[in-house]
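Colleague: Sequence:
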Amino acid sequence: MKHNTESLGLEVLNCYDKEKELNELMSTKAGVKGLVDSGILKVPRIFLYSDDVNRFDQEGSNHVGFQVPIINLEGYEGKRRNMIKTEMLQASKSWGIFQVLNHEVLMDVMKNMLESVYDFHEQPKEMKEAYYSHDSSRKVWYYVTLHSTHKAALWKDTIACQFENTRADFEALPLICRKRMSDYVEHIIELKGKLSELLSEALGLEHDHLELMECMDARKVVGHYYPACPEPDMTLGTAHHSDPYFFTILLQGDIDGLQVLHQDQWIDVKPLDGALIVIIGDMLQLITNNMVRTAEHRVLANRKGPRLSAACFFYPNGRNKDRKYGPIKELLSDNNPAFYKEITHAEYLKEYSLHGFCGSKALPYFKI
Numbered sequence: 043m044k045h046n047t048e049s050l051g052l053e054v055l056n057c058y059d060k061e062k063e064l065n066e067l068m069s070t071k072a073g074v075k076g077l078v079d080s081g082i083l084k085v086p087r088i089f090l091y092s093d094d095v096n097r098f099d100q101e102g103s104n105h106v107g108f109q110v111p112i113i114n115l116e117g118y119e120g121k122r123r124n125m126i127k128t129e130m131l132q133a134s135k136s137w138g139i140f141q142v143l144n145h146e147v148l149m150d151v152m153k154n155m156l157e158s159v160y161d162f163h164e165q166p167k168e169m170k171e172a173y174y175s176h177d178s179s180r181k182v183w184y185y186v187t188l189h190s191t192h193k194a195a196l197w198k199d200t201i202a203c204q205f206e207n208t209r210a211d212f213e214a215l216p217l218i219c220r221k222r223m224s225d226y227v228e229h230i231i232e233l234k235g236k237l238s239e240l241l242s243e244a245l246g247l248e249h250d251h252l253e254l255m256e257c258m259d260a261r262k263v264v265g266h267y268y269p270a271c272p273e274p275d276m277t278l279g280t281a282h283h284s285d286p287y288f289f290t291i292l293l294q295g296d297i298d299g300l301q302v303l304h305q306d307q308w309i310d311v312k313p314l315d316g317a318l319i320v321i322i323g324d325m326l327q328l329i330t331n332n333m334v335r336t337a338e339h340r341v342l343a344n345r346k347g348p349r350l351s352a353a354c355f356f357y358p359n360g361r362n363k364d365r366k367y368g369p370i371k372e373l374l375s376d377n378n379p380a381f382y383k384e385i386t387h388a389e390y391l392k393e394y395s396l397h398g399f400c401g402s403k404a405l406p407y408f409k410i
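Residue numbers (this note's numbering): 43 to 410.
Warning: the hint list may mix true and false statements.
As the list claims (entries may be wrong) - With a Cα cut of at most 25 Å, we get these calculated DMTMM-like pairs of lysine to aspartate or glutamate:
no.: 1; residue 1: Lys236; residue 2: Glu273
no.: 2; residue 1: Lys236; residue 2: Glu61
no.: 3; residue 1: Lys262; residue 2: Glu213
no.: 4; residue 1: Lys135; residue 2: Asp150
no.: 5; residue 1: Lys346; residue 2: Glu213
To be verified - Estimated spans, in silico, between C-beta atoms of each pair:
no.: 6; residue 1: Asp306; residue 2: Ala172; range: 17 to 25 Å
no.: 7; residue 1: Pro111; residue 2: Glu248; range: 49 to 57 Å
no.: 8; residue 1: Pro272; residue 2: Ala388; range: 22 to 30 Å
no.: 9; residue 1: Lys121; residue 2: Asn332; range: 29 to 37 Å
no.: 10; residue 1: Arg87; residue 2: Ile231; range: 22 to 30 Å
no.: 11; residue 1: Asn362; residue 2: Leu188; range: 27 to 35 Å
no.: 12; residue 1: Asn114; residue 2: Lys135; range: 31 to 39 Å
no.: 13; residue 1: Met149; residue 2: Gly107; range: 28 to 36 Å
no.: 14; residue 1: Lys135; residue 2: Lys392; range: 42 to 50 Å
The set of hints was computed from the structure by calculation and includes no laboratory data.
On a predicted model such as this, the values are computed, not experimentally measured, just so you know.
Ideal placement from N, C-alpha and C gives every residue a C-beta, glycine not left out.
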């Protein structure tokens with residue numbers, strides 16, 4: 043009897059203890075960088091998402107006519123304000139993501155942030171392992187991302203810091219990145235204030251409406267380190283997802299990889315010198331009753347590296363953990379009734395943990 047060699051190969055691929063190998067990876071506390079430093083030439087099986095290993099082929103991006111919107115914030119307090127608001131609302135409706143220039147966050151501050159991410163991850167293992175954890179209740183932790191749906195690892199290492207108070211809570215960060223990270227976040231909080239004003243007005247609300255809702259406090263910053271990958275078509279740096287928050291401001295370095303899903307096609311978000319990326323989260327789509335849309339995005343693995351990025355996530359702080367958020371009443375009418383229930387952010391996160399790891403599939407669970 044003649045065997046199908048391809049089928050036999052897939053059986054071999056699946057006949058191993060994936061959980062055991064994931065635990066072994068975590069137990070090293072050296073992250074993906076530790077694997078790369080050991081000299082591996084192939085991507086380990088625990089980073090493979092399915093038998094269809096070519097599903098992450100990089101072809102199909104860069105479609106003619108598609109470019110993520112770029113918004114110049116220069117003059118946002120003057121004559122250009124209305125134009126900027128129009129551009130922001132259009133980008134938020136059609137893409138859920140846009141890049142901003144002339145945002146007043148200093149180039150040195152952004153450069154220092156990416157360098158702090160690099161410096162932390164480039165330390166010897168012994169300097170990092172005390173921070174290694176998958177306990178997201180910690181103030182600061184460093185980890186390899188594990189995709190619970192596919193029971194696979196992602197090709198990146200991350201340092202994360204949760205905070206209520208930027209100065210006090212950042213004291214938990216290691217010295218090597220503490221000051222530069224806290225300086226960056228303080229600048230990003232100022233930028234978020236400007237963006238929330240512009241978006242409030244663009245939605246037809248008072249300029250301080252979103253701010254008074256207390257739904258977009260700075261709550262978490264992460265620094266991603268994507269090592270060079272020997273087989274970038276076999277895995278992902280970040281899986282396809284939408285952010286379960288209200289708002290994200292992202293800084294990326296000069297290596298490609300970030301893609302956004304637009305009109306059923308993956309479009310590259312090309313690094314742009316001096317730019318910051320604004321990503322609409324699921325909860326902002328919910329409270330605007332679908333006036334803006336969340337952005338589904340991912341990060342490809344790359345033969346070049348390390349690729350660096352830093353994201354600041356905005357969602358309600360601890361004192362508002364029981365506050366319910368629903369469609370903003372001023373945006374509703376007889377012709378535009380509420381699509382979603384009122385929920386706490388914690389309720390959304392719980393549902394997202396079950397259904398939100400492939401696009402924005404958690405939102406439909408809260409439809410009226």
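Colleague: Compare the structure with each hint and give your call.
Modeller: These are the hints, each one checked on the structure:
no.	hint	verdict
1	Lys236 <-> Glu273	violated (41 Å)
2	Lys236 <-> Glu61	violated (45 Å)
3	Lys262 <-> Glu213	holds (14 Å)
4	Lys135 <-> Asp150	violated (32 Å)
5	Lys346 <-> Glu213	violated (33 Å)
6	Asp306 <-> Ala172: 17 to 25 Å	violated (44 Å)
7	Pro111 <-> Glu248: 49 to 57 Å	violated (25 Å)
8	Pro272 <-> Ala388: 22 to 30 Å	violated (40 Å)
9	Lys121 <-> Asn332: 29 to 37 Å	holds (31 Å)
10	Arg87 <-> Ile231: 22 to 30 Å	violated (42 Å)
11	Asn362 <-> Leu188: 27 to 35 Å	holds (29 Å)
12	Asn114 <-> Lys135: 31 to 39 Å	violated (19 Å)
13	Met149 <-> Gly107: 28 to 36 Å	holds (31 Å)
14	Lys135 <-> Lys392: 42 to 50 Å	violated (28 Å)
Hint compliance for this structure: hints 1, 2, 4, 5, 6, 7, 8, 10, 12, 14 are not met, and every other hint is.
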